[in-house]
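Residue strings, one per chain:
There are 2 protein chains.
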Amino acid sequence: MRGINPRVNMIHSSEQQTLIQRAKQITEELQQGVKKSYKEVISVCGDDTHSMGMKPLTFVRQVIATCIYPELLQDDTIATDARQRAERLLKECEGGSVGKYCSYSPIRGIHHSVCEFISKRDGGVPCSVENIYICCGCQDALLFVLNLLVHGEGLDQTGVLTPIPSYNAFVMGLESLGAVMVPYYLCEEEGWELRVEDLRKALYTSRSHCSPRILYVINPGIPTGHVQSRKSMEEVIRFAAEEKLFLFADEVHQDTVYGEDSQFVSYKKVLFEMGPQYSDSMELASFHSVSKGFIGECGLRCGYVELVNIDPSVKPFVKAFFNIQRSPPITGQIAMHIMVDPPKPGDPSYSTFSQEVKFKKDTLVYNVQQVQGIVDTLPGMSFQAGCGGIYAYLRLYLPPKALQQAKDEGTKPDRLYCMRLLEEEGVCLGVGTEFGQKEGTYHIRMCILTPTPKVKEVLSRLKSFHLRFLQEFA
Amino acid sequence: MRGINPRVNMIHSSEQQTLIQRAKQITEELQQGVKKSYKEVISVCGDDTHSMGMKPLTFVRQVIATCIYPELLQDDTIATDARQRAERLLKECEGGSVGKYCSYSPIRGIHHSVCEFISKRDGGVPCSVENIYICCGCQDALLFVLNLLVHGEGLDQTGVLTPIPSYNAFVMGLESLGAVMVPYYLCEEEGWELRVEDLRKALYTSRSHCSPRILYVINPGIPTGHVQSRKSMEEVIRFAAEEKLFLFADEVHQDTVYGEDSQFVSYKKVLFEMGPQYSDSMELASFHSVSKGFIGECGLRCGYVELVNIDPSVKPFVKAFFNIQRSPPITGQIAMHIMVDPPKPGDPSYSTFSQEVKFKKDTLVYNVQQVQGIVDTLPGMSFQAGCGGIYAYLRLYLPPKALQQAKDEGTKPDRLYCMRLLEEEGVCLGVGTEFGQKEGTYHIRMCILTPTPKVKEVLSRLKSFHLRFLQEFA
Ligand SMILES: Cc1ncc(COP(=O)(O)O)c(C=O)c1O
Ligand SMILES: Cc1ncc(COP(=O)(O)O)c(C=O)c1O
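So the protein lines, in turn, are chains A and B.
Everything in the first sequence is counted per our numbering, starting at 3 for the first residue and increasing by one.
Everything in the second sequence is counted per our numbering, starting at 3 for the first residue and increasing by one.
Just so you know, the hints here were simulated from the structure itself, not pulled from any lab data.
Any given hint might turn out to be false.
Since the list gives no way to pick one copy over another, a pair counts as held whenever it fits inside one copy or between any two copies.
Said to hold, decoys possible - Capping the alpha-carbon separation at 25 Å, the derived lysine-lysine pairs in BS3-like fashion look like this: (1) K233 / K346; (2) K57 / K93; (3) K317 / K26; (4) K414 / K403; (5) K26 / K456; (6) K93 / K26; (7) K317 / K246; (8) K93 / K203; (9) K456 / K93; (10) K93 / K41; (11) K414 / K321; (12) K321 / K26; (13) K458 / K57.
Looking at chain A on its own, in the form it has when it is part of the complex (with noise of 0.2 Å):
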C-alpha cells in the first residue's frame, strides 16, 4: 500500500484474538463432529456481558422498539410508561423520526437528562449541557478527546500515564495517535490500589522522553475491580493539579458498585468538594457508557464525556471538532436516556426493572462468591476480589517448569495457560498479557456479570486444569 501512515503499520492487534479466533474454531470442530472432553467452549474473556447471556432491560428495549416503530404506541403489551417515554422522545425529533442526525442538534430531552443524572449522582454539583459530548460508545468518546489533545513530536510528544493493567482498547488507541504510552503500575498486594508515588515515580520517568500531559485513571478499575477511596481519589487529584495534568476519569463502571462498604463517587465529585483552588482550573474529562453496568447495550453504542473546566476560547473549537466527527446513534441514545433516567417507584415498569436490576447485582455477588470459594481452594493461584466492575481478575503462580515451555514456544506464559486451558477444557478467559502486568506476574480474567451455571461450569473445569497443569510441571 502506497502512502500509508507509518503509526497504523505500528499497531499491535490484541493478544487476545488468537484465542478468540481458536475458540471459534473448536466450536466448530465439535459442530462437526470432532470429539472432545466437553460439549461447548464457554467464553468468558469478554465484556459482553448480553452476549454471554445476561438478558436485556425489558423497560430499555421496550422504549427503544416503540421509537423505532411507533406503531406500538398502540400495543398494549407494552408498558404504558415504555410507551409514554417513547412519544416524549419522539416528540422531540424533527419529522417524529429517530432517523435523524443528532451531531449538530442533540436531543434535548436525553442531552438534558444526562445532565440531571450527573448533578444528581454528585449531590447537586452544577453540570451544564454545553459540557456533554454524546459519542458512538466511550471509546469514540476517550479517542474524541485523545485527539483534541495529543499532539508534539520528540521530547514535546503528548505522554498518557496510564495503569497497568488497563484497557487495552485505550492503550491501542494511544498507539494510533502517536500518543506516548506512560505506564503506573497499580499495587496488586494492596488490592489493586493506585499509590499516588507510583504515579509521581511514572511522571518523572517519563520526562526524558516526552511530555506527560494527560492522566488516565479508571474507576472502579478494570479488570481489577478496585474501588477508589475518596482519600485516593484527592491525593490524584492534588497530584494532577500540582503536575498540570489533564485527567480523563474513566467511570463506566460505576454502575455496579458491590462491595458491602463501598460506594462510587465520581472524580467529578471529589473535585467539587475539594473547593475552587481545584475545581475552578482542574481540567477534568469524565467517561460513562451504556455498554456496560446492568443495563450492558454494548451493541447500540452510546457514552458520553462531560468536559470540566475547558478554557471558554476553546470550545467553539471544541464543538466544531466534535461535529465533524458523526452523530451518536439514536438508539444507543435512548438507552443512555433511560440509564441516566430509569423507571421511578410508582411508575408501572418500577417493579419489573428494579427486578432485573436485583436479579443482575445479585448474580455479582453470588459469583464473586464462588470464585473466591474455588480460589482459596486451589494452590498457585490468588483473588483480590474487587468491590466493583464486572470481572474476577487472578493471579497466578506458575512453575518454572511452565515458565520454561512457554519461553521454548515463544508465548508467555499465562497465554500458554490460556490456550491449553481452552484446548483441554473448552474455557476461553481472557489473558492478562492482554490489561498489561508487571515483569513476572500473570494473570487471568474472567468476566462474572455471567449466569451462576456457566460461572459454575467454568470454575468446575479450571480448577481440574489448574491443578492438571501444576502437575504437568511441577
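Following the hints, position chain B with the ligands against chain A.
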C-alpha cells in the same frame, strides 16, 4: 486549555451553523407569539430526509423493532417476513441480543449480505467480506480510511484532491487530520462534469506544497446531483493509476439516480471492466451509507467501505486499526442489511416496500420539475438539474449592489442572501460557501427528497423573496 492539539484550534466551524441557530431562534420567537409574515420556519438546508418529513420504510423499522424487543416475534401486526428476518439475525447474535459488540466479530449474515449486494450490483465482480469494513456511518468510514493514509509534514504532507463543490464534513475531516485539501473544480457549465484536465492541473499545482496521494470523488455528486458517465469514470481511473493516487469513491447517493438515461455504475465495476492492468493494482475505497437514498436512516448510523487492492501485508494492520476504533451500532447494521437485501417479489412485505420506495422516487422526480419550473421563470437564478442525489443546487447571479452590501457587512453574498431569506420568509437553505464554489459564483442548496407541499411552499416564498431582493439591489 493546556496542550491542545494545535490542529483543533484551526478548525473552521460550519458556515451553515449560524443560519441554523437563527432558524431555531425564529421558531422560538414564533412560538412566543412574535408576529412575522410566515407562521413557521421551513428548513430544507440539511440532508436528513426523515427530519424533513419523509417517512421511514416500514419493513426496516419492523425488523429492527423485533430485533430490539424479541417479544414482537409473536406479534401478528408485524409482517411475517419482517419477523423471520429478525429471527435469523437474532440467531446470529451470541446470547440472542443485539446488545453485543460487533467489532471483532461482525454479524455474519449482515457482513455477507453487503458482499453479495456489491457483487450483484457490479454484475458479478468478486467481493470478499475480508475487504468490507462496517462503520458507524459513512463519515466514520471516511475518517477511518483517511486515518490509515494521512501522514507527513511539509512537502511530504498527504494531499487530497477534493471536488468543489463538495461534502463539507469531509473537508473538515481533512483539516482535523492535518491533510492538505487540494481543490479541483467541477464544471458547472457542463452540468457539473468532472474534467480530467482540471484534476491534472490541480494535482500539478499541489506538488509544490504537498504530496497528493488521495483522489476523492463523489458520484452521484453532492450538492450538484451530477451522475458521472462511464467514459468520465474511465478517464478518472486512468488518471489515478498514472499518478498513483488512492481513489476514494463516495457513492452514498447511489440509490437516488432518477435521470431518464442515467444509471448508477460503481467505480469498482468500471475498474474491473477496464482489465487487469487497472483492476489488479489500483487502490480503491468505495463508500456507502444507510443515511441517504430512500432508506434515509441518518440517526441509526451505519456505513461501509470496501477496500480494493490493499497490499496483503498491510491488511492485518488495517484490521487491528479498525478494531481499535469501535463497533458499529447494531440497529444501523440491520438497516444496512435491509438496504442491501430488501424484500423480494413474492415476499409479504414486497408490495408495501416497493410502494414506499416508489413514492419517494416519484416525489424526487416531481420536485425537481417543480424547482426547474420556478427557476426558469426567475431572472438572476439558474439550475443545472442533475440526474441523481437529493438536492437542487441553484446558482445566483447577484446584482453588484448586493455584492457591495455583503462586503460592507463582512459576509459572503450568498450568506447575506440566505440570511435575508430566512428573516423575511422563514426559509432556511444551504449556503453555497459551505460547499465551496468558484470565486465570484454564488449558490444555494435545497434538499428535494422532501414532501412536495413543503417544496412548493419553499419555492413560493423563495420566488417572492428573490424578486424583492433583486429589486432592492437593482
Ligand atoms: C474501562 C472501559 N472504558 C471504556 C470502555 C468502552 O466502552 P464502550 O463500549 O462504550 O465503547 C470499556 C469497554 O470495555 C471499558 O471497560
Ligand atoms: C457525499 C456524502 N458522503 C458521506 C456522507 C456521510 O454519511 P453518513 O451519515 O453515513 O455518515 C454524506 C452525508 O451527508 C454525504 O452527503
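Structure-based check of all given hints:
In this assembly of identical chains, the alpha carbons of K233 and K346 never lie at most 25 Å apart, being 33 Å within a copy and 64 Å across copies at closest. In this assembly of identical chains, K57 and K93 lie within 25 Å of each other by CA distance solely across copies; the values are 15 Å between and 29 Å within a copy. Taking identical chains as interchangeable, the C-alpha atoms of K317 and K26 lie at most 25 Å apart only when they sit on different chains, with a minimum of 21 Å there against 46 Å within one chain. For the identical chains of this complex, K414 and K403 are intra-copy neighbours only, at 13 Å inside a copy versus 76 Å across copies, given an alpha-carbon limit of 25 Å.
When the C-alpha separation of K26 and K456 is checked against a cutoff of 25 Å, the pair qualifies only within one copy, where the shortest distance is 18 Å, while the shortest distance between copies is 53 Å. Proximity of K93 and K26 under a CA criterion of 25 Å is satisfied inter-copy only: 16 Å between copies versus 44 Å inside one chain copy. Proximity of K317 to K246 under the C-alpha cut-off of 25 Å is restricted to the intra-copy arrangement: shortest distance 19 Å within a copy versus 40 Å between copies. Taking identical chains as interchangeable, the C-alpha atoms of K93 and K203 are never at most 25 Å apart, the minima being 54 Å within one chain and 51 Å between chains.
Taking identical chains as interchangeable, the C-alpha atoms of K456 and K93 lie at most 25 Å apart only when they sit on different chains, with a minimum of 20 Å there against 43 Å within one chain. Proximity of K93 to K41 under the C-alpha cut-off of 25 Å is restricted to the inter-copy arrangement: shortest distance 19 Å between copies versus 50 Å within a copy. Taking the shortest alpha-carbon separations for K414 and K321, only the inter-copy value of 23 Å comes in at or below 25 Å, while the best intra-copy value is 44 Å. In this homomeric assembly, K321 and K26 come within 25 Å of each other (Cα to Cα) only across copies, at 18 Å, whereas the closest approach inside a single copy is 42 Å.
In this assembly of identical chains, K458 and K57 lie within 25 Å of each other by CA distance solely inside one copy; the values are 18 Å within and 49 Å between copies.
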